[in-house]
Amino acid sequence: MTMTTTLFYILAGVITASALMVVTLRNLFHCALFLAVTMLGISGVFLYLGSEFLAAVQVLIYVGAVTVLVIFGIMLTRNVMDEKAKAMNTQLLPALAVAIVLGLITFLAVSNSSFQWTDHPTAAMKTASSIPSPAPVEVKANDVYTLGPELISPDNGFAFAFELVSILLLSALVGAIVVARKDPT
Amino acid sequence: MIQVPTVHFLYLSAILFGIGVFGVLARKNAISVLMGIELMLNAVNINYLAFTKYWGNGNYNGTVFVVFIITIAAAEAAVALAIIISIYRQMRNVNVDEVNSLRG
Chain A
196 MTMTTTLFYI LAGVITASAL MVVTLRNLFH CALFLAVTML GISGVFLYLG
246 SEFLAAVQVL IYVGAVTVLV IFGIMLTRNV MDEKAKAMNT QLLPALAVAI
296 VLGLITFLAV SNSSFQWTDH PTAAMKTASS IPSPAPVEVK ANDVYTLGPE
346 LISPDNGFAF AFELVSILLL SALVGAIVVA RKDPT
Chain B
432 MIQVPTVHFL YLSAILFGIG VFGVLARKNA ISVLMGIELM LNAVNINYLA
482 FTKYWGNGNY NGTVFVVFII TIAAAEAAVA LAIIISIYRQ MRNVNVDEVN
532 SLRG
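These protein sequences, in sequence, are chains A and B. Sequential numbering of the first sequence, starting at 196, is according to this note's numbering. Sequential numbering of the second sequence, starting at 432, is according to this note's numbering.
Pulled out of the complex, with its shape left as it was, chain A reads as follows:
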């Protein structure tokens, strides 16, 4: 086991532990801070998977923006959370059962699947799909060079989705302001 693989398992442990903290701690502010730790760990996994740009985006958006937004929300609704109030609602046991069963099913399905290999698709996978798969391309060192053309070139169909998602962001911005405004006149 080399150092980088050890690093992945350490990261996975940190992510799992802090995600458990996010859903179990009583103090919401601590939950938000552990959410930031989880997102930092996930950005480390993104780095491990060779997506430097997405790792940076993850830190900027989740650690920088979403966590701050959540902390603002917690502070604006502060005095509803007294320290003695229960953090969980009445369906704690059914929720635990659903989460464990869902996790187990996914776990078993994944461990019985054919995704054990670390390499590119096998020959069996290639023959299964009648479409001739492209020749293996060398993974570039920087994913920005591949992501930019994928995202906005009009050839491969993502330009329209890109424009749609910018309209969605704009309308979400306006909608959030309208919903949170004090006097709806």
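There could be a bad hint or two in this list.
To be verified - Ranges of calculated distance between the beta carbons of each label pair, as one might list FRET restraints:
hint: 1; chain 1: A; residue 1: Asp350; chain 2: B; residue 2: Arg534; range: 45 to 55 Å
hint: 2; chain 1: A; residue 1: Gly208; chain 2: B; residue 2: Leu533; range: 33 to 43 Å
hint: 3; chain 1: B; residue 1: Asn531; chain 2: A; residue 2: Leu363; range: 26 to 36 Å
hint: 4; chain 1: B; residue 1: Met522; chain 2: A; residue 2: Phe224; range: 48 to 58 Å
hint: 5; chain 1: A; residue 1: Thr201; chain 2: B; residue 2: Asn488; range: 22 to 32 Å
Keep in mind the hints are simulated off the structure, nothing from the lab. All values reported here derive from a predicted model rather than from experimental measurement. Each residue gets a CB set at the ideal place from its N, CA and C atoms; glycine is no exception.
Dock chain B against chain A, hints included.
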């Protein structure tokens, strides 16, 4: 260069998704529910990037999907927090099991 098998990324993603589902179903405060949703979305992102890296074969569509998921998650968080603040202003309460004025 990388020796971690794909399936371990999928295990991590499954664990994270299960934790997120538990957070959404069991927490009382609406902001905690929102945090559970964020955990689930990030589990999906790990899956997408793992498959792009190991099975993409030079196809980077998974990376584009992750960009869209992150964007939509940010928009969703903003709108959800606006709704939560609005509910708090109306009812002085953000517990999801007590805000039930729409119940018939």
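Hint check results:
{"no.": "1", "hint": "A/Asp350 / B/Arg534: 45 to 55 Å", "result": "holds (50 Å)"}
{"no.": "2", "hint": "A/Gly208 / B/Leu533: 33 to 43 Å", "result": "holds (42 Å)"}
{"no.": "3", "hint": "B/Asn531 / A/Leu363: 26 to 36 Å", "result": "holds (29 Å)"}
{"no.": "4", "hint": "B/Met522 / A/Phe224: 48 to 58 Å", "result": "violated (22 Å)"}
{"no.": "5", "hint": "A/Thr201 / B/Asn488: 22 to 32 Å", "result": "holds (28 Å)"}
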